[in-house]
Structures are given as C-alpha cells and as structure tokens.
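Protein sequences appear in the order of chains S and C. Each residue of the first sequence is one higher than the one before, counting from 182 in this note's numbering. Each residue of the second sequence is one higher than the one before, counting from 2 in this note's numbering.
Everything labelled a hint here was simulated from the structure, so no lab data went into it. Just so you know, not all the hints are guaranteed correct.
Label pairs and their calculated CB-CB ranges [stated by the list, open to error]: (1) C:R380 to S:T376: 55 to 61 Å; (2) S:G408 to C:D270: 54 to 60 Å; (3) C:A212 to S:P282: 53 to 59 Å; (4) C:E402 to S:R188: 41 to 47 Å; (5) C:K31 to S:T376: 39 to 45 Å; (6) S:A268 to C:V378: 33 to 39 Å; (7) C:I148 to S:C281: 34 to 40 Å; (8) C:E441 to S:A268: 47 to 53 Å.
Beta carbons: idealized from backbone N, C-alpha and C, even for Gly.
In case you want the letters, here they are:
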Amino acid sequence: MAIVEGRFRLDGVEIPFQPGQTIMDAALAAAVYIPHLCHHPALLPHGSCRVCVVRVNGREVSSCTTPATAGLEVESETEALRALRVAILQMLFVEGNHVCPACERTGACELQAVAYHCGMLEPHFTHFFPRRELDASHPDLVLDLNRCILCERCVRASRDLDRKRVFAVAGRGLDSHLIVDSPTGRLGDSRLELTDQAAHICPVGAILLRQRAGDVGERHGFRVPIGERPYDRESISRVGDVATLVEES
Amino acid sequence: MLSSLETAAHPERLRRVVIDPVTRVEGHGKVTLLLDDEGHVRQARLHIVEFRGFEKFIQGRPYWELPVLVQRLCGICPVSHHLAAAKACDQLVGVDQLTATAEKVRRLMHYGQVLQSHALHFFHLASPDLLFGFDDAVAHRNIVGVIQEHPEIARQGVLLRKYGQEVIRITSGKRIHGSGAVPGGVNKAVSAVERDLLRADIGQVLAWAQAAVALIKRLYEAERAGFDRFASVASNSLSLVDDSGHLELYEGGLRACDASGQILFDHADCGDYARLLREEIKPWSYMKFPFIAALGPEHGWYRVGPLARINNCDRIATPLAETERQAFVALANGQPVQAALATHWARLIELLYCAEAIERLLDDPELSGTELITEGVLRQRGIGVLEAPRGTLFHHYEIDENGLIRKANLIVSTTNNNQVMNESIRQVARCYLDGHQLTEPLLNQIEVAIRAYDPCLSCATHALGQMPLQLDLVDADGRLEDRLQRHADGTVLRCDVPDAADARDRFGACGC
C-alpha cells in the first residue's frame, strides 16, 4: 500500500509529512528549523524542554510530541513564541552554572547555539548558582552536573539505544537531578563506555570526552580551533540536525 | 630596605587624602596619604580594592580548562595567563618539549601580546603625562588630548596595538580570550594566508616601533635630571633569561640581581620558585608582597617588568633592540637603571624586540607545520612561568588522580611589583608632596609613578579565604574606637584600642 503523504502549513509554508511523524520530524525533514533541545532524531520524543513550543489552532504545544495532521496551521517564528522560548532558555541558564567563556563545548553547545538563534541577550532572571558535582571518576568521560539541563537525552540513549540504563533522573521539581546507576553512584563505576551513544548525545557540556594524554589524534573540546566549531560560522538552524536530516534524505 | 612611610604611628591623628580611583591603569586601586598638621606625609599606601578569587574557584575543575578559564583574569594580558596556564598544563600532561610548530605558534602569540600591551600602555595610558607634563590640565592630559595635538603619534599607537591584536587573533582564534594553546601544544598552526596577512604590515610596524623608541628617548633626554630622580627606587630585579643570558619572554631560567647588578641567583629552575620566593600578607591590601626568600621581606622585595628585564639581561637577540638596549644601559653607566620613568623606555625597547621577533618567526616555515600536540603521561604538579608584559608571571597547579585541580597558586606580575610600587609612591610623596598644599597636579605625580609600572590590578588580586582583613570602627569625629583583625590563619582578634570598651558599649559588640 502506498504511503499517504499529507501536508500542513508551518508559518505559511506547506510541509509534507508521512503518517507517524510529529510536527518536528516533518519540519526537520523539510529543512525547516524549529528550536529544540531535548529532541533528538535518533530518540523517542520527550517533550520536556518546551523550547520547541509552537502554536497549533490557537493552542501552544510542543512540536516534538504533537503528531503532524493534514491541514494544521502551525505558527513557530512569531514574536510571542520567540519571547516564550527566550524565557525558557533564560531559566535553563540561571538554573545551572553555564559559564560559556570557560566551557569546552562553547561553539559546539546546543543550548548556547539555540540561545543565540532565539536572540537571548542576557539571563534576565537571578542566577541560582547551585552547588553541583563534577564526576571525573571515569577514564574516558567527565560528568559535569553544573551544565545538565535535564533533557534526558543520555537517559533515553542509554536505555533505548545502548540498552544499559546508566542514567536516570531522580528527585522532583527543583530537586530533580541526574543520577548514575552504579554501586557508588560514580560514573567510573558504571557500565558506561566511550563507544556508547549516551556518551556522545549530550546537547550541552555535561557529558564530556576526557582530554587524555596519549590521544594526540583526537580533536574535541579546546582542541578544535575557534572558527572550526559547529556553530562558529552558521546558526544551529542551518548546521544542526536540520542539515543532517536533509543530507540523509 | 623598606620605607618608613608604610605605617604611621598614630594614623588617627592624621589628615587623610585619597586618590580614588587611580586613573589610566588597568583595574581598580586607590592611594591613601596621611598628613600631619604641617602637611608632612606620614604614610603612603597603594591599596588594591578589587577582589577576584580565581585560585579558589578553579579548584575542582578539570586541568584542561585552565588555559581558557584563568585567562579571564584579565582583558589586557589574557594571552600571558593563557600561555602560563598552558605551560603548566604541558607539565601536567607530561610534556617537557613541545613540537617546533607548537612552540613557535605560542611564541608568536606571546610576542603579539607583549607588543599590543606595551603599545596600549605607552600610547593610551602613559603618553599624556610624558607629552604634556605631569601638571597639564586634567581635561587635556588624556588620550583625546594626544589625538588632538599629536594625531600621528596617537595613530601609530592605535595601529601598533591593532597589529598585536591581529597576531593574537590568528594564533588563538580571537583578539581577546582565544583558545590557541592547549595542554601539550596548540590547536592550530599559522596558514600561508595568515602569514602573508601579517607579513604585509610587519615592515611598517617595525618602523613605528623604532619611532616609538626614538620618541621616548627624546622625551626622557629632555627631562633627564628630573626623570632620573622621579620615583627612583633602588631595588632587586627578577626576570627570565635564556641559557645565554639574553632577554627571554617565553621560556628561560630565573635571574635575580641586587640593586648594584650583582647576580643573586641565575638560570634557576622555575619549578623552584616556591623555594626562591615567598609572599608576605599585609592587613591593608588585597595584594600580596613577594620577596626573595634568602633576603627576607625587609630587603628581598624586587622589581619585575621591562625595566628589570632590560637591566637583568646580558643582551637582546635581535639587532635593532640590542642597539637600543646598549644606549639604554649607558644611562646609568652600566649599573642597573633604577628610575621608574625609565621603565617606559625599557618597555618600548621590548616593543621593538617583539616586532623583530615576529618578523623572524613569519619567515620560519615551521610556523605552518602539522605536528601540533605532544603526548605524555599525566603528572600531579605543573608550574608555568613566563614574562608577561608587566613582568614575571607564575602559575602553579596541582591535580588529583582524576585530573581535577586540587591547589593553585598564581603570582602575577603586578603582585611582584607591589612593594616597589609602594616604595615609588612614598619616594614621590616624600620628595614632591611633603609640606605642600596638595593639588590635582601634585597628586597626579603619585599616579605617574604608579603608571610607570603599568600595573594590572585586576590580575593581581586573586587570594580568597586567606586574606587578612582589618575592620576599623571610627566615630563621628574620626577617632578610632575599635579594631578587629582577621589574620592569614583565619583567627580574628580584637586590637587593644584605648576607649574601645566604651565604644563597644555604645555601638554594640561585633559578632565576629
């Protein structure tokens, strides 16, 4: 049976979709960017960061969890939605300790790139300055909870792609925090390996590849010169997973 | 020998004059003068009123963040901190010798940094005093006045700095706060296109650098007697020199000379700095007071920076700067030059040296090599030392088995100059202000003395948690009623002040 392709309108542009796709899936496949953080094309939708908020038939919904339906009128790049996204981003920045000038993911960080894209110019809210742990017990990876935005990409990747369940979120509300499944709670005692997809899927600088003596050939972190980092020259709306999906298609 | 003007016997009886802020320096500082009824200066102090805390808050961070994180100490000389931290990190990752390309790219970055910083200081900050006189109208004695009256000098100053910034951008990715140096090497080489870009202007930069040296020589010679005497302080000198005793800004051994030029120690391993140098803490400043351990705090304080470097070195490896050095050392007949204002002259000789060194490097094919990073085995301790524009800069880090920073100690160039700057302002206070009605031009002389050292006050204040503090309770008539002192070991003691008990009754006891 032939696949029936439908269409909806996103900011006035016709977007084709296939059954089962969300608004986000269809938009990315059509090379139309909707800002997002917790969404990743390889993972099941999560809808937790709310940065991908769009307006559908008068209601605000997360585009990564809303099924595409024929005839929908979707608004994304409006001033009101931009302001909402900026407020969400500002809250993410002040809830953690995001020191972009000293972070090795600067220029490669999706939170930073999305904030630039959305026009966030200052944090606006009072910084929480929480005291959070940095776990450097793993031989290949570092977990810096100062930068964790609880997007749960690592949780989903470890569970659904790596089949390990190394990560989970514990606590509620402001006490929510990432935990590691190991006898000590330390990353070094967990089953996480450098080859796991969960080790490479963090959108911010919370899960980092360790800079080791002896890995001269590896280029990550500060070894990538300014100007060659993913978002140095182009906005995330052009070189993020939009571009990846278009290349694949 | 320390000056008698550091601490007055009865400060509560003296009139207080404050210069706050000290202008045309990097960072925030103030000078306090205490004068008696006849206008005689009884106490003169340079206070650093900024508070930083880098040594504390980098604890627990991964070592590879250091070169990028610690350079945020400063916006003028971040490259110096970037490179000093990178040198310390080289040791942490077990690398004693970088690839030729990595070392040359770092050197190029460093020469660009010293060139731009020296140009900034001389043309933007110091030249108004030297071109117009210390007592020129304050509204005119600034960079705008220089642009109006000496547009070509101002233009050359701006463009010299711009060239240095371009060198930094090409080697580190950004003009300020780049990321070129990484533990064990650099993250990029200099491409042929970038090399050609810098080559196109280096001839002009050399000509301007020579003109800058000629300018300071002319200014100095015109006021020779006064400049020789002004803020002149006989001090020890500390700097790096290379194996041959040449001027060295990036990598070398420590040389210290006394005020007569006699060598106190030479080619000392920088890793031994903690044995050779100590730091004293005083309750009235956030900035420490380093001294040569063997001489003690009374006699061991020293000068760093351009004047110390030109005094200390046997020669300079580039011809134009060496010719100028020889003219400079003739100032004091081969003895160390101790005039604070001669620091400007020495600074511009270094600017010329940097321009020549950049020219040499741009002809070196290894600058574009592909071997960028060297590997090694992780160590627990790394000490990086280099000559920043303002003087010798020490970065010392210790890490735990996971690579997280356990301990950090920074001795920043301006900190090294703390005592000599204080002695210079005391000399000025004693010779030029004592017994006079204080006016803005007279007080500017204090600032002129400080500016000669090009202090970077925001770099220099970084202690946290161990800094002694003094809390004074003064009544409405200015009488000292009570005094609490927190010492370096954290203890808090109440000083014996007459009538303090009465004061506590009136104001309530402090909860410390």
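How the hints compare with the structure:
Take C:R380 and S:T376: their Cβ atoms lie about 28 Å apart, and the range 55 to 61 Å is violated. The supplied range of 54 to 60 Å is broken by S:G408 and C:D270, whose beta-carbon atoms lie about 37 Å from each other. Take C:A212 and S:P282: their Cβ atoms lie about 37 Å apart, and the range 53 to 59 Å is violated. At roughly 59 Å, the beta-carbon separation of C:E402 and S:R188 lies outside the given 41 to 47 Å, and the hint is violated.
About 58 Å separates the C-beta atoms of C:K31 and S:T376, a value inconsistent with the hinted range of 39 to 45 Å. The supplied range of 33 to 39 Å is broken by S:A268 and C:V378, whose beta-carbon atoms lie about 48 Å from each other. Checking the proposed 34 to 40 Å range against C:I148 and S:C281 shows it holds: the Cβ atoms sit about 35 Å from each other. A C-beta distance of roughly 50 Å is found between C:E441 and S:A268, which places it inside the suggested range of 47 to 53 Å.
In this structure, the earlier hints numbered 1, 2, 3, 4, 5, 6 are contradicted, and the remaining ones agree with it.
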